[in-house]
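S.K.: Sequence:
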Amino acid sequence: MGRVNDEVEALLQEYADLIAISGGDAFKVRAYEKAARSIGGSPLDVAELDAKGLKEIPNVGASIAEKVLDYLRTGRVPAAVPAGVRELTRIPGLGPKRAMLLHERLGVATVDQLLDAIHAERLRDLRGFGEKSEENILAGISMMQKAGSRILIGAATEIAERLTGELSSVPGVVRCAHAGSLRRMRETIGDIDVLVASERPGPVMEALVALPYTAEVLAHGSKKTSIRTTKGLQVDLRVLPPASWGAGMQYFTGSKAHNVRTRELAVRRGLKLSEYGLFDAESGERRAGATEEEVYAALGLPWIAPPLREDRGEIAAGLRGELPELVAEGDLRGDLHTHTDLTDGLAPLEEMVEAAAARGYAYYAVTDHAPNLYMQRMTDEKILAQRERVRSLDRTHRGMRLLHGTELNIGPDGELDWPDEFLAGFDLCVASVHSHFGLDRRAQTRRLVRACENPYVQVIGHPTTRRIGRRAGIEADFDEVFRACARTGTALEINAHPERLDLCDEDVLRAKRFGVRFAVDSDAHSPTHLPYVRYGVGVAQRGWLTRDDVVNAWPLTRLRRFLRP
DNA sequence: GCCGTTTTCGGCCCGACTGTTTTCAGTCG
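Here the first sequence is numbered in my numbering, starting from 763 and rising by one per residue.
It is worth saying that the hints were derived from the structure and are not from the lab.
Where is the CB? At the ideal position from N, CA and C, for every residue including glycine.
Treat the hints loosely; a few may be bogus.
[Stated by the list, open to error] Calculated cross-link-like contacts (lysine-lysine; reagent style DSS-like; alpha-carbon spacing at most 30 Å): (1) K1034 - K985; (2) K1034 - K993; (3) K894 - K859; (4) K790 - K814; (5) K993 - K829; (6) K1018 - K986; (7) K986 - K1034; (8) K829 - K796; (9) K796 - K814; (10) K908 - K1018; (11) K908 - K894; (12) K1034 - K1018; (13) K817 - K1144; (14) K1018 - K985; (15) K790 - K859; (16) K829 - K817; (17) K796 - K1034.
[Claimed, not checked] Derived CB-CB ranges, DEER-like: (18) K814 - G785: 25 to 35 Å; (19) D1310 - A1120: 20 to 30 Å; (20) S1197 - L877: 27 to 37 Å; (21) K1018 - E961: 43 to 53 Å; (22) K1018 - D1241: 27 to 37 Å; (23) E1116 - S1197: 27 to 37 Å; (24) D1202 - L877: 27 to 37 Å; (25) V979 - T872: 24 to 34 Å; (26) L806 - E1055: 38 to 48 Å; (27) G890 - D812: 26 to 36 Å; (28) G785 - V839: 13 to 23 Å; (29) E883 - G1251: 49 to 59 Å.
Just need the whole structure built from these sequences, with the hints factored in.
M.R.: Below, the structure is given as structure tokens:
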């Protein structure tokens, strides 16, 4: 599922993990990891490349090209990390070395077995483990389990679009779309709901069951079929007559709480709402059902965008005619947080700019990492040389203005990488937390507020630093931060990377009440990441944001005024 | 294993943090 590049990325990561757990050369591990990332982020389709083509991908040499070709030819994976060790390394804070030790010495191969071992205090006897390790591992496991079996919106979207694309072409299918939490743009998705309008359910049900990535059929009837994919994701397919399409979409999009409200509204009007339509409660006469618009209209409501359907006041706002006109992906005129291979990006400046121009942006900011993220080895000379390249590229580029920026590191006391005089030379500065995640609430709040107060900082990047299912965000008094943003005219980022989505929808809702502006950014490290903004826009919509709230939906002149210190 | 304005060998993404050590290994960004 997904691109072949993703499979190859996983293959090379597997090689890296193997070398890591067997205590091999750390540089070799890194070489495989770098090649894995490069292939994952490459716009080229590796399935179509020969050895020469493969070696043109950065960090891919003769040896790795050979292994990739071998995999593509035979599908074989030469050796595998023991499944148990792999599972254990998914626990945040537990790396390959210690996972291997647990596996070998205690025979632990699953998270449950590890929990048992911890409770039996068997870990303490192992060299390198103590009471604190136990605590940390338990915390890591609980973090992982909170995400549960839900998958990230990025992966779910890819699968859903492929699925609806394939089912749409089945004979008799009038319409086909996904509904559920994915349509509401929730950050994680439990299962995928697909709706089909058709008078003949048979063929499309059969088509779903016959898909190559269908691993298991959970239910198979004339109205509903449920399958589990090879990757363990459940897909529910419902087939409805075309006259019920709108009611079905409304019903299966949810949320449950939103549907309870709409049904209450129906009852008060002497109506009955189900997935088949909106009917008169007494006569049973159909009042609406073919489109969502007519269903909502019959309830006295304008159409409500799916991301709003969370019972957060959207019904009342709709009845008053005060629903926000939500920002849409097409409203974005630029991206204000992106990287190149000058730091940890995968593609050169020119390629990133080309890809941005192809998206039709009016402006595009290049914001590579600043020196205090030591591993990126940024220097004054390097960033200034990049600025020259950006300026000259800007002169030759028609239609899209390039902005030269940087992603600064907010130190533990709120200090930044460069003095103000140097920062003044950038068109914009994003400032983000990349270290000292463990400071107490007061210290975290203070450092963020101080970053906001720097006149050269216009955007706070991924404000909480959370990574979904991997790491909780930092503890801070975010109301205080929102207040500081509003006061200083600093935008908060909605980082659109599907593993981050930071701020999250609820924080966006709250921040907006303080009068904060937002920037929906991809944080792209490769051209293939630029489209991630769609997920950030989903968060913005769930946070009730309009075009006016999002600074990179503004025309360049207005944005420039905002960026001025 | 990759790479080269230090080019076919000898570097490579460095430093902080944590918990376990008594001088360091593992993990992370």
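S.K.: Each hint needs a verdict: does it hold in this structure or not?
M.R.: Okay, the hints, checked on the actual structure:
no.	hint	result
1	K1034 - K985	holds (21 Å)
2	K1034 - K993	violated (39 Å)
3	K894 - K859	holds (18 Å)
4	K790 - K814	holds (22 Å)
5	K993 - K829	holds (24 Å)
6	K1018 - K986	holds (19 Å)
7	K986 - K1034	holds (22 Å)
8	K829 - K796	holds (15 Å)
9	K796 - K814	holds (18 Å)
10	K908 - K1018	holds (21 Å)
11	K908 - K894	holds (21 Å)
12	K1034 - K1018	holds (16 Å)
13	K817 - K1144	holds (27 Å)
14	K1018 - K985	holds (21 Å)
15	K790 - K859	holds (15 Å)
16	K829 - K817	holds (12 Å)
17	K796 - K1034	violated (58 Å)
18	K814 - G785: 25 to 35 Å	holds (34 Å)
19	D1310 - A1120: 20 to 30 Å	holds (27 Å)
20	S1197 - L877: 27 to 37 Å	holds (30 Å)
21	K1018 - E961: 43 to 53 Å	violated (29 Å)
22	K1018 - D1241: 27 to 37 Å	holds (29 Å)
23	E1116 - S1197: 27 to 37 Å	holds (33 Å)
24	D1202 - L877: 27 to 37 Å	holds (29 Å)
25	V979 - T872: 24 to 34 Å	holds (26 Å)
26	L806 - E1055: 38 to 48 Å	holds (43 Å)
27	G890 - D812: 26 to 36 Å	violated (45 Å)
28	G785 - V839: 13 to 23 Å	holds (21 Å)
29	E883 - G1251: 49 to 59 Å	holds (54 Å)
Violated hints, listed in ascending order, are 2, 17, 21 and 27; each of the other numbered hints is respected by the structure.
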